[in-house]
Amino acid sequence: MLKRKEGWRLPRFFSLYVMSGICFIAIILFNYVPLAGWSIAFFRYRPGLSFAQMEFVGFFYFLQVFRLPTVWNALRNTLVMAGLGLATSWLPMVFAILLNEIRSTKYKRFIQTTTTLPNFISWVLVYAIFFAMFASRDGMVNNVLRSLGLPIVNPLANRGPGQWVFQWFVGTWKGLGWSMIIYLASIAGIDQEQYEAASIDGAGRFAKMRYITLPNLAITYFTLLIISIGWILASGFDQYFMFSNPMTRERLMVLDLFIYEQGIVRHNFAFATAVGMIRTVIGLTLLTGANLFSKKIRGTSIF
Amino acid sequence: MTQIRTKGDRAFSITAGLFFFLFMLICTIPFYYLVIVSISDAAEVQRGNVVWRPVGFTLDYYRQILTRPGIANAFFISTARTVVGTLFTVFFSAMFAYTMTQYKMKFRKFMYRMTVGTMYVSAGLIPWFLVMRAYNLNNSFWLYVLPGAISAWNVILIKTYMESIPPSMEESALIDGAGYFKIFYRIMMPLSIPILATVAIFSAVGQWNSWQDNFFLVSDPALKTIQLFLMEILLEAEALAVMMRTGLGTAEFARARVMTSFTVQVTMAVIVVIPIMMVYPFMQRYFVKGIMIGAVKG
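These protein sequence lines map, in sequence, to chains U and B. For the record, in the first sequence the residue sitting at position 67 is 205 according to the numbering used here, with numbers rising by one throughout. For the record, in the second sequence the residue sitting at position 67 is 54 according to the numbering used here, with numbers rising by one throughout.
Everything labelled a hint here was simulated from the structure, so no lab data went into it. Predicted, not measured: the structure shown is a model, and the values here were computed from it. Incorrect hints may have been included.
[Claimed, not checked] Cross-link-like lysine-lysine pairs, in silico, DSS-like; alpha carbons within 27 Å at most: (1) B:-6 - U:244; (2) U:246 - B:-6; (3) U:433 - B:96.
Build the full structure now, drawing on both the sequences and the hints.
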């Protein structure tokens, strides 16, 4: 049987090369070719022309990035949102520890199921929901406030810094239940003997939470923290696009939205690409830096 | 675990229970409100009478929405991209992941590293936009399906799972003269169903929720997704509200339009969220599996 195989078959692994090749080409086409598209940031880009026909401008657009005041506004908004996120990054962990203290498995599962739901709806729907809750005329929250004789709220049109807090709340509403899951899974993986040993030593509930559960979750927490540091400048597009309107625009113009407006709306492709490049490079640097720092301080790293 | 329950312990349990009950309400009440507004009389909604239960039951807004031109097509497009996109993602990610478990293959390490690398560096919106246009994928259904077919995340997930399958299964088939594709298709795919189901669920939800590709690159109304349809209804009402504030058009007309719009918007949102709600109970068991394998590797 083996002999026949050697005689006439295609080269060894031929079919494997075909199978992996098709997929790898797709990866190149959809991930690495766009990366090569970074080169347009160095040219006065005109659609339809080849690079030879376009004027090479070097770092012109990169220098422009730092001169434009609107970039600094976008950077400020991005950093504020990331800062709020980082400052509350411990929330899912603490929520998970608390939820784990509830004895009834059924109740726990019920809470998990219901609080995870918002993670699975699109940002368009999230906006629809917050609109339905906070619309000044018919929103549920305002209906309740009115019926109690209280002044109504209108966070959807808030020009002030409160808009950032509102957006933080929206993001947390969507993601908190989901973020809890990874910690709950980690808690489930903690060796039960540790708890039993602690019980024998007379440790109470809070002592166990503090000295067993929390330290066991630290690795997960710091890993996720390092990753989120790498994502500081990538606040995402959807949320800010959906919630921005003439009133909230100034506070919600994050870098991703800025890139969209400059590039796709105003056809300022080269400039927008330069902003995107700077963003990605800073993100990678932060990720590597945070990782090195964690390696030094805690002796753990993610890569 | 046996534990001595003190009074403080008990109080703590109750407090925690109540705390999470509140959290649960915050997450679910908005959905409930959407539903009751969608089946209430818009006039009652406008008077502020609809808070906890529907008033003046009517399904008229569903009729209004479902007879809008284009909605049936948008529903079809979203369903089509969900089905086709998920099939593509599962099949090609699994096939690539399988080849990545064949350590004897040349260039395997190179290809795998390049794949993982895509998680750290992404080109960003503008180059992606221009390149997709250069591929002529704008105004094409394939834009919804092809770019996301193979993602590093899914490949890692499936590869990790396949590596845990005993190699003897594969080896015996190889000795029997089966080709690699046949082994993948007949043996490895069926054995990987648990992880493929996880990938499929996440991919399907992602496809259903996706609208950015449509928004950026597809202007053909025949290819409009349901999410974009909803977005346009949401923003259209906002434009009307601005119109009313700025006094363009008669105020009476604008008020009438905005008033019904709120209900129409909400009803539309309910229609878009229903499919998610329907698959949601089945998704539960795949959550933790997906997130844990991802965490170990990532």
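Each hint tested on the structure:
About 23 Å separates the Cα atoms of residue -6 of chain B and residue 244 of chain U, which keeps this hinted pair within 27 Å; it holds. Under the criterion of a C-alpha separation no larger than 27 Å, the hint pairing residue 246 of chain U with residue -6 of chain B is consistent with the structure, at around 22 Å. The straight-line distance between the Cα atoms of residue 433 of chain U and residue 96 of chain B is roughly 26 Å, inside the 27 Å bound, and the hint therefore holds.
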